[in-house]
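Model the placement of chains B and C on the given structure of chain A, informed by the hints.
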Amino acid sequence: MTPAPSGSLLAATGLRKAYGPTTALDGADFSVHPGEIVAVMGPSGSGKSTLLHCLAGIIRPDAGSVRYGARKLSELSDAERSALRRGEFGFVFQFGQLVPELTCVENVALPLRLGGVRRKEAEQQAMRWLERLEVAGVRGKRPGEVSGGQGQRVAVARALVTTPRVIFADEPTGALDSLNGERVMELLTEAARDTRAAVVLVTHEARVAAYSDREVVVRDGRARDMAGARL
Amino acid sequence: MTAHNDGTGNDSTGNNGAGNDGTRSDGSGREGRAPRPGHGPADRPAGPSGPAAWLRDLLMGARFTATGGREGLVRAALTALAVGLGVAVLAIAASVPQLLDARDQRTTSRSVFPAGADIPPDDQPRKGAGTLLYQHAATDFRDRLVDGAILRPEGPGAPVPPGVAALPGPGEMVVSPALGRLLASDEGKLLSERFRHRTVGTIGDAGLIGPDELFFYLGSDRITQGGGVVRIDGFGSSQDGPVDPRIVVLAAMVCVVLLLPVAVLIGTAVRFGGEGRERRLAALRLVGAGIASTRRIAAGEALCGALLGLLAGAGIFLFVRGFAPHVVIRDVGVFPADVTPAPVLAALIAVAVPALAVAVTLFALRGVAAEPLGAVREAPVRRRRLWWRLLIPAAGLALLAPGVLQTRGALVFGPAFAGSGQTVLAAAGAALLLTGIATLLPWLVQVCVARLRGGPPAWQLATRRLQANSGPAARAVAGITVAVAGAVAVQMMVSGMRGGYEGPPGTVASHSQLQAQYRPGTPDELRAHTEAFRATPGVRDAVAFVEQYAESGKGPGRKVTTVHVAGCATLSRLAKLDSCRDGDVFVAQEKGGDVNTAKWFPPGTELVMDGFEEAKAQGVPAYRWTVPRTARVVETRTAPAGEDTYGILATPSAIDARAIPDARTTVLARVDPADRDDAIERFRNTAAAIDPGMRVWRRGGVVKEDHFAAVEEGLTTGGVGVLVLVGLSLLVATVEQLRGRRRALSVLVACGTNRSTLAWSVLWQTAIPVVLGLALATAGGLGLGRLMLALVGEPVRDWSAFVPLVGAGAAVIVAVTLLALPTLWRLTRPESMRTE
Amino acid sequence: MSIGHTLLALLESGPRHGYDLKRAFDARFGHDRPLHYGQVYATMSRLLKNGLVEVDGVEQGDGPERKRYAITDAGVTDVAHWLAQPEKPEPYLQSVLYTKVVVALLTGRDADGLLDAQRAEHLRLMRELTRRKTGGDLADQLICDHALFHLEADLRWLEMTAARLDQLATAVRS
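The listed protein sequences correspond, in order, to chains A, B and C. Under the UniProt record's numbering, the residue at position 188 of the first sequence is numbered 188, and the numbers go up by one with no gaps. Under the UniProt record's numbering, the residue at position 542 of the second sequence is numbered 542, and the numbers go up by one with no gaps. Under the UniProt record's numbering, the residue at position 123 of the third sequence is numbered 123, and the numbers go up by one with no gaps.
One thing to keep in mind: the hints can contain errors.
With a straight-line Cα cutoff of 25 Å, these simulated SDA-like cross-link-like pairs (lysine to any residue) come out [unchecked claim]:
1. 559(B) / 592(B)
2. 49(C) / 18(C)
3. 120(A) / 754(B)
4. 72(A) / 754(B)
5. 141(A) / 455(B)
6. 133(C) / 213(A)
7. 141(A) / 447(B)
8. 141(A) / 740(B)
9. 120(A) / 454(B)
10. 189(B) / 454(B)
11. 133(C) / 141(A)
12. 88(C) / 205(A)
13. 599(B) / 624(B)
Read the hints as simulated data drawn from the structure, not as lab findings.
Chain A on its own, in the form it takes in the complex (with noise of 0.2 Å):
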């Protein structure tokens, strides 16, 4: 709507991406603070994940650019993105994130060990994000052992563990009841507060929404800061 607030981490202005004929963003700009935690709702097919993907730069825009911090994704090739995704943010998906054959600790050690850091070394920082959110006990099990909720918090610790500076996570929720989905929210953006990290939502749940700071909604491809709705 407005062109990108100074001071804001994570910018998009004018995104556009269509896939064949079907329009996913049309215009849509989006920004966050760091440690600013923004739920994006909207329907289904609004064009949400799609948004995510390419703030995160998993996704190359149609039209439109994409700022963090003084970098624009766009410049980036394709091996500096993944570097930056792997460094930089973080990402929690609403299922099958894990890498299946990989035990819990390893999954978490994985974006360190991809990093470069020693394995000895990285397992260690993955326990310790295992203990803070709460599944210790699952390290040495397989993700499918593990019950949804513990895989979560699992999938959570991984997001973590590079200590990002913008976390995505799509759905996190998703496939959680009530009490675990509200856990793991809990969990999530503790951890971001405490790291000053920012986190970028999506989700359809209002409840889990209400754990953000700011609200996005989109609708047909463009994103709406609720606070401007608020006369």
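Then chains B and C, alone, in the frame of chain A:
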């Protein structure tokens, strides 16, 4: 995205199809016989039962093969192609007996007596209107055999060889089409000088072994019975000489080596798309199909794939058969028509392949319960058991052991192994050992992989993946294992046995040296022939002498040397003679040679010169002769053929050369190396002019196929083919596995994993089982090769037979990884992250 | 629920008799509870007193005397203000919100914006409750949860309504 769509597409067709049929199936399965009260036949049609239900389920399964959308079609095509390749290999293998039989028949129908048998004149037919004088005549041209015979009819009813319309008259000849073309070409100009006869006809296919065989019949009015010329009253001999049993064992092993991987391939191919199938079956269960019914549907799907594969296989077979003329067995290509599977074997293939497909599918479903809400795999990975896997190779060893123990230490292929029963035992033992290697592999992979820890992320991803489920990879690699183990063993055997044929190393003479042999000549003839050879352009040097082996003493202490008979001029070329007159005898001692002729055969030694087996059988008496006391010990010279001719040298007056049984004239010659190939042919021309029956051979440098080369080539071709097939199934297994993990993969990429890391993990994932398989195959192959060589009493000459095949295996790893990369790239494209 | 604002909004399309107003109201909003005429009369007198409506004319007929009411400028502003002001998020808002949406559609105002504003207000409260919950004891948590679930239900209703606004507009205007 595609798979997702397809998944729903499949599901919806499944639902649609089963919505109609599935309900009925339910009815037939459980209620068909006793309709539930209140559900009369009017409002609920009774489903078919018994065979009809079977047929319906099978057909439904078959329909799924075709209705899977684009991906389904690709999968069906891949299955058909892979099964087809397997079927084609099977069909070709099944054609081999027929092919050999056909070639044998062609050979025997034109040959006159059992090969190698010298029929005494008394046993030959009496001269009459229906007889023919026949002399086998063969020559080489550019190291290729030009085979044929000289014919002299003795009456109007003389037999005509197969494929020939009319006997050639004197000075005339009939030739095979290939020989006719060669003679007419520039390339065959030198050869045409050898064939002065006028070509009056062409030999038809019935008289030839292969389309490119060089064969001729010369007409003559001069040959007379005896000395290789036989009288016959018809063509066609009863039987060929027995095939070397070693080659039978080899051929059996080659078959095992080729066919086991084919079985593995077909087994893998019908499981392509296994996950999709499980999803479909789950959807069918949801709408009420019974377990038995889903199994039948799965069987129908597999059957359909197998039948498509059979069709494809027939097509591939017919296509490949067209190349038969290029397949050269013993110098001669193959008539495509001869490549026809034996009817029994063809029927067996047609039944066995679908049966295997169904069996494999049902076996694969064993661990999977297609429950209504999705395929449930048995959660814990079962530990593979070792004992029964060891049982198979142990049984193989048990079969091989007696033969090995019996022949151990024997220098020659002992009689212990001559029986066909032994051959079967050895082949069965080898097959069991190879199969055992294949069944050991999954266990080995599981055990080894379980111990792998740590390493960089790519390695960790790969090892963990294999730890979770190494079955598909191990199964696909089992094919490689059998192929490589068998190939290594055969390669070792081939080099070991062929080494035995080639003679001790170090004696290979220069490639421009020639030797010829023919009937014993008179001193005048020898002189004239020597002159003729020396006058031939390109021939540098030539000597001719009559020779025969001679023995002194009896029993174990007896010694053998050679007696050479020629004029002084020739003898002085063989040894350093200070003087020579007719009547002189010399004992030629090779200076520094390892045979002490002067010591073992001093002047005064009594020598016995005996004929070969046939002459002995005919009662030709041995010739006894004493080295005269006046004989002088002299030093040898190097003969034109590059070797020193040591032994007894005698001038014609000193010995009655005509009384020596089975004596022969030997010509040793050397040609100009610069003009070697043509000079050799001119030498042969001269030889043919002297005696068409003269045998001429080169002392070295001949590039020629032998039985072993044929086995080796077949093995190489087959081995490469099998590796390609195995690579294909490995590729499909890898791609399927990647598909199944698309979500995890794209999340990894989203989290910033470099694609190269994923690519490396795919490489490791392929490489680990393949390397383990190759290691097992190499060990097993070397062991088996060692055993088989021990069995045939040959030493190991080449321990490095595995190197090229291991190299090929490595190439398969790389190729599979590279070919899987596009799928990996596609699956990890950001678009595949979309789940909404 | 504010009958006064609703009747005012109905007058925006043109002056009406009191009886007409009752019928129009009943047709759109009085599905389970039609207005008593007395209620209309009382409400109109209050609006008249506040200067939000004026009497446009009186018809003498067979029956009782019939006043025709028209909306004043102050009345229009009052309706606009009412629509723009998000309701305090509390349980059972549905009827008020529904009325507001229909009124906005009827009077050609921005129903979307109305819903968005309400949504933001709901979420603001939810955030507050969530914060209170995270810091509180079990009793706090349970109490907050109750409220949160109700608010969430309302929010869902808001979303559903927003998604079907076009449909509703057609239905209302027909």
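Flag every earlier hint the structure violates by its number, smallest first. 10, 11
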